[in-house]
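Asker: Sequence order for the protein chains is A and B.
Counting in my numbering, the first sequence runs from 1 upward without gaps.
Counting in my numbering, the second sequence runs from 1 upward without gaps.
Heads up, some of the hints might be wrong.
Quick list of in silico lysine to aspartate or glutamate cross-link-like pairs, EDC-like style, CA-CA up to 20 Å [what the hints assert, rightly or not]:
no.	chain 1	residue 1	chain 2	residue 2
1	B	Lys64	B	Asp99
2	B	Lys64	A	Asp68
3	B	Lys249	A	Glu77
4	B	Lys54	B	Glu79
These are computed hints drawn from the structure, not numbers from a lab.
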Amino acid sequence: MSNSYRGSAVVRWVNDRLPIFTFLDHQMRDYPAPRNLNYWWNYGSLALVALVLQIVTGIFLAMHYIGDARFAFDSVEHIMRNVNYGWLLRYLHSNGAALFFLVVYVHIFRGLYYGSYKSPREILWWIGIVIVLAMMATAFMGYVLPWGQMSFWAATVITNLFSAIPLLGQEIVAWLWGGFAVGGPTLTRFYALHYLLPFVIFGLVFLHLWALRTVKSNNPLGIDVRGPQDTVPFHPYYTSKDYFGMGLFLLVLAGFVFYAPNYMGHPDNYIPANPMVTPTHIVPEWYFLPFYAILRAIPDKLGGVIAMAASLLVLFVLPWLDTSRVRSARFRPIYKVIFWFLLADVVLLGYVGSQPAEGIWIHIGRALTAYYFFHFLILTPVVGKIERPRPLPQSIAAVVLKGGKA
Amino acid sequence: MKRIVLAAVAALTLGAPAALASGEGDLAAQSWSFDGIFGQYDRHAMQRGFQVYKEVCAACHALKYVAFRNLADLGFNEEEIKAIAAEYQIADGPDEAGDMFTRPGRPSDQFPAPFANDQAARASNNGALPPNLSLITKARAHGPDYVYALLTGYRDPPADVVLGEGMNYSLAMPGNQIAMPPPLTEGQVTFADGTPATVEQMSRDVVQFLAWSAEPTLEERKNAGIKSMLFLALMTGLLYVSKRRIWSKLH
């Protein structure tokens with residue numbers, strides 16, 4: 001142990017007392033990653049970048065924001081106008097949240113395409129779903145904090161969903177509100193939880209990485225690593241690739257922040273919250289729209305809430321719904337097709353969610369919702385049984401070194 | 001009954017963005033100096049627009065969050081700002097005797113609201129609440145175009161339209177009814193720079209001023225944006241090169 005570590009005398013002195021350098025070496029340099037990971041594997045590290053960005057900008061915003069219904073809206077304007085670079089902090093935080101979801105959604109669909117949820121990665125997948133749920137709660141409560149019209153009415157609509165719970169519904173809603181309507185106590189507790197949850201997410205990310213280190217990364221071929229010839233050290237190969245991806249991510253984020261900072265927002269949220277006036281259309285942020293469409297597709301309130309919850313919870317049992325032993329969609333001719341149908345279904349659900357719940361949209365929303373569950377509950381198990389997968393390659397190295405595209 | 005009318009007026013006012021998006025209002029896209037990547041505010045137009053706000057809009061509409069010192073953005077110098085601020089009476093206090101008093105404004109003061117509260121504002125405006133204008137171009141979809149269309153969109157109602165009591169016919173307003181009477185008439189203000197005060201000119205200028213009051217950091221943001229994008233593009237390029245070099249050892 002002592003003096004086993006290379007490096008300067010200072011590094012060795014520290015390492016002998018607290019082996020952080022040995023630890024980093026184990027985690028980065030010695031950690032073998034499949035050599036054929038493509039750019040879709042960048043989105044995991046991007047999500048971490050986004051989370052850190054949210055926490056850092058959020059801490060500085062919290063130094064100026066006031067979590068009181070009387071002052072919240074004004075304090076946000078104070079940040080925008082009087083705090084040095086307050087506009088930058090706020091626009092980074094609001095646009096960063098939206099891009100965080102975009103990155104995580106790509107990460108999830110990558111997992112769906114390449115079968116990353118299958119054995120032995122079920123728990124890794126589960127932790128990921130819990131992270132998304134925690135992100136949704138955090139984003140929702142964060143959206144309430146500016147206390148504009150959309151903040152207020154989003155809080156009203158979403159908290160009211162809990163009233164669908166039989167028997168105890170009204171009591172639960174009153175308990176969430178801290179009163180008999182959305183008001184000051186609701187805002188203040190949302191602020192407290194909005195500050196807490198990101199650190200819970202951070203802990204979950206640690207678990208996610210722990211599970212990942214245990215079962216190792218999946219890869220585009222979906223076959224197991226057979227030996228050292230199939231892998232490269234995570235550092236410097238994937239660190240350099242992830243840094244490049246981070247550069248692109250920051251460019252996109254900067255494009256929104258500097259040139260279209262309110263593009264993904266809603267004008268109504270620049271009107272202070274007013275319990276007496278309901279906006280004509282209450283629309284959530286775009287990253288909630290598919291779930292909003294599912295919620296509204298069911299004519300019954302409780303049924304809608306159950307369907308919305310089920311649309312996420314079904315992912316927990318996906319590892320067992322998928323009866324195919326082949327992971328990657330590259331070798332699954334039918335699954336590959338239904339994967340794209342699912343993606344189109346979710347995107348269309350998002351569009352339906354942005355439209356008023358009337359006329360033809362109701363029917364389209366119902367059809368898309370039905371297809372969503374049909375995909376997971378019927379198609380996925382059946383396709384796994386009847387599909388004849390293409391032959392899997394011998395090894396990752398065999399494919400990569402043959403010059404074939406990895 | 002009065003409550004219902006109030007609610008309807010408020011709903012019309014606040015429901016504007018969504019209704020506009022669905023094509024109810026008439027909204028032509030205008031070209032603004034602050035559009036685009038290099039867009040900046042027009043100092044002369046903003047100063048004229050400020051004059052329109054001060055002489056016309058300010059009678060009913062507040063300009064919350066905007067302080068006199070912020071007028072430096074419009075190109076006014078310190079002395080001019082002090083003079084402008086001093087034209088206003090600001091409530092202050094309590095003094096040593098415990099009494100509230102008014103004093104001339106200072107650059108650090110915000111524009112005072114024309115009414116003490118929403119109720120007073122409604123009482124003076126036939127039940128309608130004149131909204132705060134300092135965020136109006138951000139609180140409406142296509143805000144600058146919307147405000148311009150609203151100010152220039154007053155017409156005599158078509159024969160088949162029955163207006164509510166005290167309401168006016170508007171092309172831009174969803175539902176085509178607006179409580180605010182036409183605020184601008186030709187030659188209503190006299191611009192110091194000799195610009196003819198047509199309704200269109202005053203409307204364009206006041207939109208410049210209101211856009212600035214809603215987003216005073218726009219110029220700072222776009223300037224920082226160019227530097228940030230160039231830096232990030234360069235950094236990303238270098239990161240790509242280093243990634244290529246590192247991976248080239250493998251192949």
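Asker: Run every hint past the structure and note whether it holds.
Answerer: To see whether the hints hold, each was checked on the structure:
| no. | hint | in the structure |
| --- | --- | --- |
| 1 | Lys64(B) x Asp99(B) | 25 Å, violated |
| 2 | Lys64(B) x Asp68(A) | 19 Å, holds |
| 3 | Lys249(B) x Glu77(A) | 52 Å, violated |
| 4 | Lys54(B) x Glu79(B) | 18 Å, holds |
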